[in-house]
Amino acid sequence: MKRARSFARTGRGQIGLFLVAVVVGVAVIGPFVMPYDSTAIVGAPGTPPGNGHILGTDYLGHDLLSRLLSGGWSVLWLSVATTALAYAVGVTIGLVAGYSRTLLDPILMRLVDVILAFPPLLFFLIAATSVGTGKATLVIGIAIVLAPGVARIVYTATREVSVCAYVEAAVMRGERTWSILRREVLPNISSYIITNLGLTLTFSILLVASVNFLSLGLQAPASNWALMISENRPILKLNVWAIVAPAGMLAILTIGVNLIGDAITDALGRSDGPGEFNRAKWAG
Amino acid sequence: MEMKDSRLGRRNFIFGASAAVGTIALASTLAACSSDGGGSGSPKTLLASAAGRGTKLGNPKRGGHLRVAMIGNGTSETLNTAHLGSPIDAMRAFAVYDPLVRSAPGFKTEPGLAINWEHNDDGTEWRVGLRKDVTWHDGKPFTADDVIYTWRQMGNPDHVGHSQVADIDLDRLSKDGDHSVIVPLKKPIGRLYDFFVNFTTAFVIQNGTKDFSNPIGTGPFKVDRFIPGERTVLSAHRDYWDPGRPYLDQMTLLSFTDQSALENALLSKEADVISPLSYPTARANLNTNNYQVIVSEGGPNYVFYMRMDREPFDDVRVRQAMRLIADRQALINASLSGFGEVMNDLPGKGLPFYNGSIEQRKQDIAKAKSLLKAAGKSDLQVILQTAPSLPGFEEAALVFAEQAKKAGVTVTVKKETTASYFNHDLLFMKMDFAQDALPTPALAPRYKSSLSSEASLNEVHRKDPSFDALLAKAIAEPDLAKAAEYWNQLQQREFDEGGYIVWAGALQVNAAANNVRGISGGWWLGLDDFRSFEWWLA
Amino acid sequence: MKLGRYRFVAILQRLLVGVATLIAASVLVFLGTAVIPGSPATAILGAEANPEAVAKIEQRLGYDKPLVSRYLDWLGNAAQGDFGLSAVSVAQNQDKPVSEIISRPMWNTLCLALAAIALLIPASLILGVISALKANKWQDHLISTFGLLAASLPEFVVGALLVSVFFVGLDLLPPISLVAPGEQPLSNPKILVLPVLTLVLTLVGWSARLVRSGTIEVLKADYVQMARLNGIRERRVVQRYVLRNSLAPSVQIFALCIQYLFGGVIVTEAVFQYPGIGTALVMAVNSHDNSLVQAIATILAAVYISINIAADAIVIQLVPKLRTQV
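Residue numbers (our numbering), protein chains in the order written: chain X, 85 to 368; chain F, 12 to 549; chain P, -18 to 307.
In isolation and in its complexed conformation, chain X is listed as follows:
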């Protein structure tokens, strides 16, 4: 892990950290420095910058700058929560399936394949109509969509590692499966996990935005950058900042997180393996 921490000294790592810090800073401090209440109607919808509104107004007439400043927190915790959940489930499945020599392996992975083959937006359309639209549905839904991709990567990596000498040695020593997984396997697949953390985080944010595009997503009036991108589509031509500003924040976050991910894996001495590609969950 010490090698991992050395990433912070590399150029890439530092830029990445800086970018992420900027975004997190805006998200955390923003709500305290908003010029207006983020849910107050202060002007006509879709007015361009001017008149005391530095970024103009959004599709409802809220001050855009205030919405921007208060919209980071929601997106951040949402993407962190969904990614964490996706990883919890995905890593577990991947580890178990990859390590196991029994029927558990093919059964679990075929299950993963079936879920991957199910179009995610279809899944949301059905879920929203039957279960309803709420934060819980969204978080669980996105996690379900992302988890199989994580599971696939962890599975491949675990399979590779589990035939390595040190794992065999641990087995012969009589170590329990659980501790083998924790102490021998997990640290050695960490680079794959960390690289994909960045991608997964990004995809969870994109899913939020796209799910909302089909009108299935979060509840207004919560400010949320991903939500802002789709809800302001009708006024794109009237006030382009309504989409450029939140999209810009998310882009900076994405780039920052990925730079950090790159730097960590470089520091660990291995680049991104020719591993699987997390966007697979979108397929079909």
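Hints listed in this document are in silico derivations from the structure and should not be mistaken for laboratory results.
From the three backbone atoms N, C-alpha and C, an ideal C-beta is built for every residue, glycine too.
A couple of the hints might just be wrong.
[Said to hold, decoys possible] With a straight-line cut-off of 20 Å between C-alpha atoms, the simulated EDC-like cross-links for lysine to aspartate or glutamate are:
hint: 1; chain 1: P; residue 1: Lys37; chain 2: F; residue 2: Asp436
hint: 2; chain 1: F; residue 1: Lys380; chain 2: F; residue 2: Asp507
hint: 3; chain 1: P; residue 1: Lys118; chain 2: X; residue 2: Asp350
[Stated by the list, open to error] These stretches of chain P come out as covered by chain X in the derived footprint (C-beta under 8 Å, 3 or more residues):
hint: 4; region: 10 to 17
hint: 5; region: 243 to 251
hint: 6; region: 281 to 287
Got chain X; can you put chains F and P on it based on the hints?
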């Protein structure tokens, strides 16, 4: 049996009276608007700037192919008059079929296929005179048999308009010659024609039609090709009864799912007319030359409704408080970009029998608070369910929630999907506090389908036999002066106790290329109330 | 030949598993759509729906039969290529076979997808190899940054930005991509440009990065170092050793890209109003047309699974070692 026309003169019956009431109502609307300092938002200024936009100028030219793009209804789109449900279905149907009663500019109606409505003394039997020399698209002549068949089909429980014809004795319908239908009623009705303006009941289909894949109509256009969810190709019916019309040779209806794509279609000239145009965009383009922004004279009544048979809205004081919280002009400005007419918690403003003497309710937070306190609900918390089904819905819900804060009421807005919002199995008729848009071409059908206790669209879940009795009396009364009294009483009751917050007549905004003419606006449905026979290309 | 037999067995096995997965996915979709309350009956009959009328329509749709038998009926027919009638059309009394409804959209989306793939694969390869060869230099950073930028934006934003530039700004390309019935999407290539660019831009960032990391691994490999030490020119090194060996992992990457493409198609088609299978799917779900949803989702799952199998088959062909593994 003696038939008497108990109204003005044979030529004038409904239409003359409507004109009078219509004009008065419109004038009062404009007056009300000018008193709110509405430089930015009043319909008066909007209509004024949209008025001389060239849609009415010049002599109609014949020929041309008009492409109309609208937000569609996917594969549920249909030409089956029993199942019409969305604006695009209505547009298509008005092109292919003819209504018995047509709407006309200025909150008026005019004869469609029915040119004469007479009734006996007590209003229990009517004789409807039909237009002569009308031909179907396949050449056959239009006769009373077609009307009788149409009405009998409406009696089927799966027909979207069946509750509107419930009081007609369909089995005993008969004809007197080929152009006259004798209509016996189970209960008297004072103005039978009121029930045949809405697209749910107005259209006449050919006698014996069972299959709607290649429908025959008497309307201005014939169907060449119909692909639900995608496009409809129409060509002019050269034997249409309205002389000289339609002016166009061809019309194509395009069905879109995305509002921004709709606007792009107009800008890139793939469409000549689009409906709707989003309100903020309309505002921004009112005075530009990119395209014409066409604003209707009136439109569906936008409402919030409260369920009257459960807490907390079963207490009339709570309902009144909620009605007093609404700052209607502010709602209109924020959610409709100003394209709306303030309404007074009663549907059908400007229509015959509308009680215009009731003073416009205004926002009164202090009174709302005291009413809530008296009801013991000072910290009321409610959930308002909304959906992006119509332009302005969501925005209005959010703004209302903000307004409610001032009265100490916490309104949590819950967004649902359009598909579940109006779905009977899912949410429709099951929500306590939600929204709707009520196209109201006449009072009687609207009250019958939404405000009475037996109404199929009784969203407010009213259970009030005395209200129903009064409504029945108002509808049945053939003496129109007496009927007006009943209607006034009824509306006063609705105003005092009802579960609807009718906050705006949402003006419908559409856009057309600069060379499109003849689209004058419409007053209850939108896009010129789909009078496509009048449209032409310069 | 021994190796040949193993190869055949490996592919056959994957095929069988693929079919099983497809069936499992179709069961999932079936359950999903059956569980939603509401049917085309209420969607069609509208707000004033009468329960008797609804029941009559549902009976005609066969909704009163038990789930298992309904599914098995469907499966039997589907295996012969008959996806049944559209539930909405049955409710409207105008029975239309599903195959009639989806054949045009499927073809349109296929054209779109092929055009996108034809652009995506070369672009990713070129950009990925360049950034690997110039790792950590300015070319690498440039490609990385723009790639990530485009990839961090949802399709509808990329689409809207492209429209702003190419239509509003330059008036070069149409902002919507309608295809009239009877017309071929390829007969008017201009309408395909922006949707294809949207799909490619959202993907090329990722796929180029993955080609890059695969290529870097290969560049570090012994045989490449050997070739260099032996004095072989860099260009030949790249051509003979690097490209060929990064092909196998790239196949997997591209398989996944293609799968993503079919998902991104839903949003892209909506933005450009392109009459493809994504639009058809959204309409079908909104109108509760269960048979249509079932058919489209199953077809898409089949495409996904076939791509997996094809990719595996290619990789097995390319990588001898895997032919003996199962």
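Consistency of the hints with the structure:
Proposed proximity of Lys37 (chain P) and Asp436 (chain F) is supported: the alpha carbons are some 15 Å apart, at most 20 Å. This hinted pair checks out: Lys380 (chain F) and Asp507 (chain F) have alpha carbons roughly 17 Å apart, not beyond 20 Å. Restraint check for Lys118 (chain P) and Asp350 (chain X): satisfied, since their Cα atoms lie roughly 15 Å apart, inside the 20 Å limit. Look at the region 10 to 17 of chain P against chain X: 5 of its residues bring a Cβ nearer than 8 Å to a Cβ of that chain, three or more, so the hint holds.
Using a Cβ-Cβ cut-off of 8 Å, 6 residues of the region 243 to 251 of chain P lie near chain X, which meets the minimum of three, so the contact claim holds. Against chain X, the region 281 to 287 of chain P contributes 5 residues with a C-beta closer than 8 Å to a partner C-beta. That satisfies the three-residue criterion, and the hint holds.
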